[in-house]
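J.: According to the working numbering, the sequence shown is numbered sequentially starting from 1.
Hints listed in this document are in silico derivations from the structure and should not be mistaken for laboratory results.
Among the clues, some could well be false.
Computed cross-link-like contacts, DSBU-like style, restricted to lysine-lysine with a CA-CA straight-line distance of at most 35 Å [to be verified]:
#1 Lys32 x Lys10
#2 Lys75 x Lys32
#3 Lys75 x Lys13
#4 Lys84 x Lys60
#5 Lys84 x Lys10
#6 Lys84 x Lys15
#7 Lys77 x Lys91
#8 Lys80 x Lys10
#9 Lys15 x Lys32
#10 Lys80 x Lys32
#11 Lys77 x Lys13
#12 Lys80 x Lys15
#13 Lys75 x Lys91
#14 Lys60 x Lys15
#15 Lys13 x Lys32
#16 Lys77 x Lys32
#17 Lys75 x Lys15
#18 Lys13 x Lys80
Computed spacing ranges between beta-carbons, pair by pair [stated by the list, open to error]:
#19 Glu6 x Lys77: 27 to 37 Å
#20 Lys77 x Gln37: 27 to 37 Å
#21 Glu36 x His62: 17 to 27 Å
#22 Asn50 x Lys10: 26 to 36 Å
#23 Asp78 x Tyr3: 11 to 21 Å
If you're wondering where the values come from, they're calculated on a predicted model, not measured in any experiment.
From the three backbone atoms N, C-alpha and C, an ideal C-beta is built for every residue, glycine too.
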Amino acid sequence: MRYLYENVLKDLKQKMVFIGGPRQVGKTTLSKDILEQSYPSGRYFNWDYNEHRQNLLAAKWHDDDGLIVFDELHKYKDWKNWIKGIFDTRKGSVHFLVTGSARLDVYR
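Just need the whole structure built from these sequences, with the hints factored in.
T.: Right, here's the structure in full:
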């Protein structure tokens with residue numbers, strides 16, 4: 001996944017980025033590296049962790065955080081509509097990176 005680093009950074013400036021793939025290939029590691037090295041004030045939310053899930057749904061982040069990472073968001077039933085609404089209302093003020101271990105377009 002390291003080879004994607006520069007491409008992801010470039011794409012984040014223009015659009016929401018989705019990284020999908022099998023478990024244990026480095027999606028979370030890549031997203032945390034990007035946060036640490038390029039967006040140190042960014043926020044990371046993992047859908048599998050209840051506290052993160054509650055904060056994510058309550059949109060507990062600030063536009064000056066720079067980058068928001070949603071890990072395993074596809075497990076949320078209405079994730080596509082939710083993320084579209086968030087992106088449309090906050091586009092330009094904060095960047096979004098979404099990761100998932102299932103095909104992001106078919107998870108139920």
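J.: Next, verify each hint and record whether it holds.
T.: Status of the hints after comparison with the structure:
Distance restraint check for lysine 32 and lysine 10: the Cα-Cα separation of roughly 16 Å lies within the 35 Å cut-off, and the hinted pair is therefore satisfied. Between lysine 75 and lysine 32, the direct Cα distance comes to roughly 20 Å. Compliance with the 35 Å bound is thereby established for this hinted pair. Under the criterion of a C-alpha separation no larger than 35 Å, the hint pairing lysine 75 with lysine 13 is consistent with the structure, at around 26 Å. Between lysine 84 and lysine 60, the direct Cα distance comes to roughly 17 Å. Compliance with the 35 Å bound is thereby established for this hinted pair.
Between lysine 84 and lysine 10 the alpha-carbon distance is near 20 Å, which keeps this suggested pair within the 35 Å criterion. A distance of roughly 12 Å separates the Cα atoms of lysine 84 and lysine 15; the hinted pair therefore holds under the 35 Å criterion. Restraint check: the Cα-Cα separation between lysine 77 and lysine 91 comes to about 23 Å, which is no more than 35 Å; the hinted pair holds. For the hint linking lysine 80 to lysine 10, the alpha-carbon distance of about 23 Å falls within 35 Å, and the restraint holds.
For a cut-off of 35 Å, the pair hint linking lysine 15 to lysine 32 stands: about 18 Å separates their Cα positions. Among the hinted pairs, lysine 80 with lysine 32 is consistent with the structure: their alpha-carbon atoms are about 22 Å apart, no more than 35 Å. Simply put, lysine 77 and lysine 13 have alpha-carbon atoms about 28 Å apart, close enough for the 35 Å limit, and the pair holds. With a CA separation close to 15 Å, the supplied pair lysine 80 and lysine 15 stays within the 35 Å bound.
A C-alpha spacing of about 23 Å is found between lysine 75 and lysine 91, which places the hinted pair at or below 35 Å, so the restraint holds. Using a Cα cut-off of 35 Å, the hinted pair lysine 60 and lysine 15 holds, with the two alpha carbons roughly 21 Å apart. Under the criterion of a C-alpha separation no larger than 35 Å, the hint pairing lysine 13 with lysine 32 is consistent with the structure, at around 17 Å. In summary, the hint linking lysine 77 to lysine 32 is supported, as the alpha carbons are separated by about 24 Å, within the 35 Å threshold.
Of the supplied pair hints, the one linking lysine 75 and lysine 15 holds, its CA atoms being roughly 22 Å apart against a limit of 35 Å. Annotation: proposed proximity of lysine 13 to lysine 80 holds, straight-line Cα distance about 21 Å (limit 35 Å). Checked against the hint of 27 to 37 Å, the C-beta distance between glutamate 6 and lysine 77 comes to roughly 34 Å, which is consistent with it. Between lysine 77 and glutamine 37 the CB atoms are about 33 Å apart, so this pair conforms to the stated range of 27 to 37 Å.
Range check, glutamate 36 to histidine 62: about 18 Å between beta-carbon atoms, so the 17 to 27 Å window is met. In this structure the supplied range 26 to 36 Å holds for asparagine 50 paired with lysine 10, their Cβ-Cβ distance being about 34 Å. The given range of 11 to 21 Å is broken by aspartate 78 and tyrosine 3, whose C-beta atoms sit roughly 33 Å from each other.
The structure is inconsistent with hint 23 alone, although it conforms to all the rest.
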